[in-house]
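Residue numbers (this note's numbering), protein chains in the order written: chain W, 1 to 185; chain U, 1 to 297; chain S, 1 to 488; chain P, 1 to 620.
Note that these hints are calculated values from the structure, not bench results.
Keep in mind that this is a model prediction, so the values were computed, not measured.
Any given hint could be a false lead.
[Unchecked claim] Dumping the calculated DSS-like pairs for lysine-lysine here, alpha-carbon to alpha-carbon at most 30 Å:
id : chain 1 : residue 1 : chain 2 : residue 2
1  : U       : Lys54     : W       : Lys157
2  : U       : Lys54     : W       : Lys15
3  : W       : Lys111    : W       : Lys72
4  : W       : Lys72     : W       : Lys8
5  : U       : Lys3      : W       : Lys8
6  : U       : Lys54     : W       : Lys8
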Amino acid sequence: MDRNQLVKWLESPAKMGHKYSLHAVYFCTGCGIIEVPPSITARWDAERFGVLPSASPRHANLFLITGYVSVKTLRAIIQTYDQMPEPKYAVGFGSCPINGGMYWDSYNTIKHLDKYIPIDGWIAGCMPRPEAIFVAVTHLWTLIDKDMADGYKRYRKHYAAYRANQEKALPGLDWPPLFPLEGSE
Amino acid sequence: MTKMIWYVLSPLIALVVGILLMGLSRKLLARIHWRVGPPILQPVIDLIRFLSQKSASHGFLFDSGLILSLAGSLVLTLFLPLGQYTPMSGSGGLLVILYVMLLGPLGIAFSSGGAANPYASIGISRKLMLAMGYELPLLLIVLTVMTGYRTISIVEVVRIQQAQGWAIATFPLLLSALAYILILPAILGMRPFEVVGAAQEISSGPVVEFGGPHLALSTLQHALTTYIGLSLFVNLMLGGGSNPVFFLLKMLVVFVLCLCVHAVFPRFRVDQAIRYLWRWPALVAMAGLVLTVLMGG
Amino acid sequence: MVNPVLLLAVPMGLAFTVPVIERITGRVSRWVPVAAMLFNLVLCVRLIPAVLEGPVIVQLGGFVPPFGINLYVGPLGLFFAGLIALAGLVISVYSLTYIRTGPLARYHMLYILLLVGATGVALTGDLFNLFVFFEILCISSYALVAYNGDRAGLESSVKYLIQGSVGSSMLLVGIGMLYGIFGTLNMADIARSVGMVDQGVLFVPLIFMLGGLGVEAAIFPMNAWLPDAHSSAPSSISAVLSGIAIEVGLYAVARMVFTVFGISDLFLFLAFLGVLTLLIGEMCAFAQSNIKRMLAYSSIGQIGLILFALAVASGVTVTGGLFQFVNHTFSKGLLFLSAGYLIYRSGSMEISSLQGMGRRMPLTSLAFTVGSFSLVGLPPFAGFPGKFLIVRGALERGGTVIVVLTGLVLLCTILEGAYFFRVVQALYFREGISGGSGERAPAAAAVAMILLMMLILALGAYPQFAETFLRSAASDLMGAVEHVGSVL
Amino acid sequence: MTGVEIILAAAFAGALLTWFIGRTSSTAGSAFAVAVLLALTALVALLHGRVYETVFYRGFLGLPMSLRTDSLSWFFAMATTVLAALSGIFSLSYMKDRKNTGFFNTMLLLVNAAMLGVVFSGDLLSFFIFWEIMSWSTFLLISFNRGQGVNAGLKYIVMSLVGSMAMLVGIGWLLGAFGTLNIARLSELIPSASGGHQLVLLLLFGIAFGIKNAVMPLHTWLPDAYTEAPSPFTAVLSGMLTRMGIFGFLLILYVMAGAARVLHSPGSTVPTYNVVLAWLGAVTIVVPTFIAMLQNDAKRLLAWHGIGQGGYMILGMAFGTGMGLAGGIFHTLNHAIYIVLLFMSVGAVQHRTGGVRDLNSLGGLARKMPVAFIGALMGISGLIGVPLTNGFVSKWMIYRTLILGGAPFLAFAALIGSWGTILSVYKFLHNVFLGQLPSKYENVRSSPVSMKIPILVLSFAILLFGILPGLPLKVIDGIVVSFGLPSLDVSLWGIASEAGTLNTVNLFAALAVGVLVVLAFVRILGRSERVGQDSNYSAGCGVPRDRYNYTARYYDPLFRMISPYLKDFFSTLYDGLARGIGSLCEAVRMIYTGYVSSYVMYILLFISAMIFIHLTWNPW
């Protein structure tokens with residue numbers, strides 16, 4: 001562990017903690033999840049980066065949406081994201097979450113995931129290989145260093161807008177708003 | 001004066017050792033799995049992250065249960081001889097230890113009951129059933145030790161062992177030691193007895209609703225539980241230690257042995273676990289007790 | 001000093017005036033039994049001091065015993081006379097309103113005659129005289145059992161008649177044999193010379209008399225008439241029958257065995273017989289769903305208990321037995337009286353139909369509860385001292401057989417408890433038709449029941465009073481020699 | 001008129017008056033009842049430290065009936081009256097909108113008076129009389145709730161009649177043997193009696209007290225009775241009334257048979273008796289505790305624990321060393337406190353949820369009824385024996401006695417019993433108060449004040465006696481000394497003795513400090529937002545209302561393993577016995593055929609048979 005690392009640790013331990021212990025919720029709806037098991041097992045061993053699969057969103061601070069998002073799974077995505085403790089980072093994995101990918105003209109897939117929850121980074125490709133996950137993680141580190149991984153702040157700030165989008169996509173949204181709506185625009 | 005110091009020192013040592021053991025276990029596990037694995041200090045990093053996060057609280061019971069359990073485990077470390085130092089030697093001995101050992105699980109149970117999450121409830125019910133499973137032989141073992149050495153004070157037990165040789169080396173107690181080794185993974189919550197925090201079925205059971213500081217507390221509590229389980233074994237069976245260093249070394253050895261089992265075994269269902277625990281370890285422990293009674297007279 | 005003969009003469013005279021009074025005015029006639037029994041009661045109380053000094057012997061017609069008939073008014077006899085008078089008084093008060101229909105004059109006449117017969121049996125010192133009074137008692141009770149005039153009453157009355165007359169003839173045969181042996185019928189005379197005769201010869205008349213009296217005393221197996229008779233008679237009569245009639249029968253048996261024959265070899269057998277009667281009575285009562293039959297069977301059980309107590313024949317147990325006489329008279333009387341009105345209101349004798357009566361007839365239900373608690377022998381009711389004395393005496397007397405029998409007796413108590421508490425629960429704790437109030441028992445019945453409850457509680461709380469008198473009664477019963485000495 | 005007589009007179013008169021006042025207005029009656037109970041508590045408290053005996057009635061068959069008071073009687077009387085008073089306060093609102101409140105209050109007072117009579121009676125006759133009054137008034141109260149309560153009451157009264165009859169035989173026999181029933185005299189006479197006599201005596205009385213205290217083969221009345229009785233009375237019943245059995249055992253063993261002296265002397269049968277008793281106690285601990293785990297009715301679950309905890313008292317009491325005895329007696333008090341508390345909490349829940357006791361249909365009530373929850377929490381902590389609650393101290397004493405007394409197997413039974421307790425009581429707490437709150441209990445109101453007061457008082461008592469066990473142990477030490485055993489050196493915070501001391505205060509201090517440390521730590525670092533029960537991890541799907549709770553078959557795997565071995569064998573046995581007797585009676589009834597011919601035949605047969613016997617064997 002070199003010196004400036006040590007300095008960083010001393011000046012902002014919390015940030016370093018968020019960097020180096022990314023416990024991830026993998027959202028296993030799409031084909032993308034195929035890439036996750038190799039990445040967390042002996043071949044690529046994500047744990048050396050401190051990335052660990054976690055069972056409950058309450059433990060996690062990294063949300064990896066692997067694969068396309070249908071209207072039905074959107075609600076689950078939103079709820080899971082809401083339940084993660086802040087600060088939290090959401091990463092879309094593969095081209096489907098970005099723009100629908102090969103389902104671009106399907107009536108039942110969400111084309112712009114970031115209209116509903118804030119996304120801190122995208123991993124392009126269909127499929128991206130496990131190394132891409134690590135690239136994303138290292139990028140996320142730099143973003144966290146520069147305080148640019150601020151999706152959760154944006155979510156708080158513009159919650160009213162996000163909530164509106166969510167309600168538009170999912171008529172009859174049956175859970176109370178996470179934050180007071182009037183405070184945010 | 002030194003006694004006063006140890007009132008503070010032994011809980012701290014317990015915490016540090018527990019956390020280091022956790023880190024070690026992750027590293028060692030990774031090596032056994034032919035991986036690089038995280039740095040040894042990974043649990044510390046995790047803890048820092050948890051503590052710096054916001055968490056969702058399910059109400060008073062949810063918080064207080066955790067606090068109670070951690071406090072109970074901290075207090076318990078005061079009763080366990082660390083080398084030759086035992087801050088609270090004169091307060092009820094092994095029986096109190098057996099009972100204070102309850103506070104940890106009970107506290108967790110209360111707080112995850114307050115979480116109102118069925119996964120947590122299932123985890124707790126498994127935890128209690130498993131405890132029922134290993135307490136039966138454990139109680140037999142502890143009773144054997146107390147009967148064999150004619151005392152209920154663990155300090156006495158350690159002293160006698162220092163004088164007359166370890167319990168594991170003397171005959172009737174050997175059986176109890178054997179039984180203890182058989183149930184030790186269950187006490188430490190390691191595989192093949194990892195039913196409680198089964199991440200895959202019940203999304204890590206009792207701690208499912210803990211996030212941020214709550215998760216940190218429960219992690220610390222888990223670390224302490226590991227420390228306590230090992231230290232009880234070392235004190236009862238391996239003659240404690242003439243000084244803390246030896247004591248911790250013995251602990252380390254035992255822990256590594258358990259890790260090897262942990263690394264290669266799959267998991268029992270809870271009823272299989274109870275069946276196992278109530279069969280062989282219990283029988284061996286019972287035999288130990290009977291022999292002790294017969295020979296000790 | 002008043003003459004004890006009046007105990008018999010006055011009521012009997014009154015009994016025969018009842019029809020006359022009925023002719024003149026119908027409304028007074030029902031007060032006659034009350035008056036008669038009141039008179040008897042006062043007389044008994046007046047007699048107590050004299051009797052406690054020594055038994056009063058009355059020679060009828062001035063003939064000296066053994067040639068003449070004599071009344072023997074010892075503590076025991078007086079005790080029975082008083083008991084009969086008291087119970088008779090209470091029950092007659094009850095029947096003032098309870099008996100409304102039917103030939104009232106005959107009812108009251110027969111009622112008095114029944115009691116007179118009982119009193120006579122208790123007081124007489126002459127065997128044939130005893131037989132006569134027995135007949136008075138029996139015949140009047142045959143008639144009274146059928147008083148309701150319904151089918152069941154007639155049938156059971158006939159059954160009672162048949163068995164009773166068989167019993168009486170047996171008794172007569174026994175008396176005849178005795179006369180053949182001794183040439184006298186005076187109890188004291190026989191008792192004096194009983195020692196000179198071979199026991200073997202005496203046995204057969206004894207058995208005949210035992211069988212004869214056993215019918216009236218409802219000793220197993222001669223008691224088959226009792227359940228029918230008691231359950232189909234009007235409740236007041238049932239109360240008299242099981243409160244007085246069978247007890248008098250048992251008294252006669254005791255007289256025979258203790259005083260006249262003085263055969264102590266038979267006691268163990270009698271104890272067996274008593275426990276057998278107790279067992280069978282309680283078991284049958286346990287199996288009953290008809291409340292009056294249940295009470296009747298429990299009377300059999302009580303008779304068995306008392307027979308056991310007398311047959312153990314230690315001072316304490318006999319005292320306990322006599323105490324149990326009192327308790328049984330009062331408790332069973334109370335039970336029958338209250339059951340009478342419970343049945344009258346619910347219109348059925350089934351226990352199940354009495355559910356929820358505790359709410360509709362509080363006083364009557366309370367009376368039933370007190371009676372049953374007392375009969376089971378729970379403190380602080382009258383049943384407890386008697387049972388306690390019996391158990392204590394039996395255990396003091398010792399002997400494996402007696403101890404075992406005592407154990408059986410207590411087992412029977414448990415059975416008794418089981419079925420009585422069942423009824424109490426039915427009264428209070430089972431949901432039934434909760435009719436409004438205003439259908440409570442009439443004043444006369446209430447007075448009678450309250451009086452009996454008072455007596456039961458008083459006896460239970462302060463048994464000393466009764467016990468002192470009963471101890472002398474017991475010694476009177478057991479002391480054949482004194483009897484002989486005092487008469488002749 | 002001495003203090004004891006005044007107390008008893010007041011108790012019985014109070015019961016009577018309550019009846020009459022209750023006739024006029026039920027509320028006034030209840031208020032009066034509570035007043036009487038409180039007054040009795042004060043009177044009994046005044047009796048502290050007095051030791052004397054007084055004859056109060058000579059009118060019973062020439063046997064003087066006397067009352068006596070000493071540390072033992074005072075201890076039990078105090079516990080009885082206090083708990084009865086609290087139950088009375090509790091019943092104020094519990095019984096308010098019910099029928100026959102007057103009857104209930106009267107019987108409650110009567111039971112209380114009878115219990116006082118039992119503990120104060122100075123001779124066995126009055127002991128028996130009060131005992132019987134206690135039994136039948138209890139019977140009336142158990143049946144009070146109608147329905148199943150009727151059968152429960154019948155079961156209770158029949159079993160307790162069995163016990164009473166056994167006791168009656170014992171008493172009559174004592175009277176025959178020694179000519180007196182005065183306890184003080186008997187305590188001089190009985191030890192001189194032969195071993196066989198002592199054994200018979202102890203057995204006879206043991207049956208009575210064993211039934212009352214629900215020792216294992218004689219326990220079957222208890223679950224139904226506790227379950228069906230109205231909750232305020234269940235509190236009394238479970239708290240002190242059942243423990244009159246323990247009092248009786250103490251009386252017969254230590255006061256009369258002088259077990260403390262003869263226990264370790266050869267030639268006496270008392271030791272063997274005690275060993276058997278201790279093993280019965282061990283069985284009584286283990287089996288009911290595990291049966292309790294399988295119950296789904298809150299009161300029934302607690303009732304089975306009532307049996308199991310009785311085993312601890314028997315165990316400590318029968319083992320007979322000073323500390324074991326003290327532990328047993330102390331456990332009697334502690335058990336009374338927490339079981340009463342638990343039944344009160346259940347009663348409060350029933351009161352608010354409309355009589356629901358089913359553990360599978362409740363849940364999450366901690367938010368709605370915090371006080372009841374605190375009561376239940378403290379109660380189960382005491383029941384388990386969590387350190388710093390009163391149950392811990394007494395259990396510790398018992399364990400220590402057993403282990404150092406060289407009875408590790410008994411100790412094992414006791415310990416495993418405690419661990420079984422944890423499982424079942426956690427299930428109780430979780431299924432009633434934790435987990436998701438069903439929507440039908442959304443608007444359950446908090447328990448009324450008259451329920452809160454006793455619950456809070458008892459919760460406080462649990463902590464107090466857990467942290468400063470010296471307070472009651474001083475009195476208990478007096479009792480133990482009065483039995484002729486050496487005094488334990490009791491300090492305010494526990495017991496200092498060789499080979500293992502107990503010091504609850506520094507334990508408490510340590511735990512408090514620990515809690516404070518952690519609390520500070522959390523307050524500094526932890527910032528948490530309060531979320532409702534709907535915001536729960538449910539794999540992304542919304543939480544389904546009323547269906548997101550894990551209560552039914554809480555320990556299913558264990559259940560499936562052990563339930564085949566945990567049939568209540570004795571209860572089935574007794575029921576079979578009862579049925580057998582019933583059918584036997586039906587058969588016997590057939591003797592009375594209804595045909596007069598056969599009746600006459602009986603008469604003739606009797607006479608002829610007698611004569612035949614006479615002529616053939618001539619036995620007479």
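Hints versus structure:
1. For the given pair, lysine 54 of chain U sits about 17 Å from lysine 157 of chain W by alpha-carbon distance, which is consistent with the 30 Å threshold.
2. With a C-alpha separation of about 14 Å, the suggested pair lysine 54 of chain U and lysine 15 of chain W falls inside the 30 Å cut-off, and the hint holds.
3. Among the hinted pairs, lysine 111 of chain W with lysine 72 of chain W is consistent with the structure: their alpha-carbon atoms are about 13 Å apart, no more than 30 Å.
4. At roughly 42 Å between alpha-carbon atoms, lysine 72 of chain W and lysine 8 of chain W are farther apart than 30 Å, so this suggested pair is violated.
5. Between lysine 3 of chain U and lysine 8 of chain W, the direct Cα distance comes to roughly 38 Å. Violation of the 30 Å bound is thereby established for this hinted pair.
6. Using a Cα cut-off of 30 Å, the hinted pair lysine 54 of chain U and lysine 8 of chain W holds, with the two alpha carbons roughly 22 Å apart.
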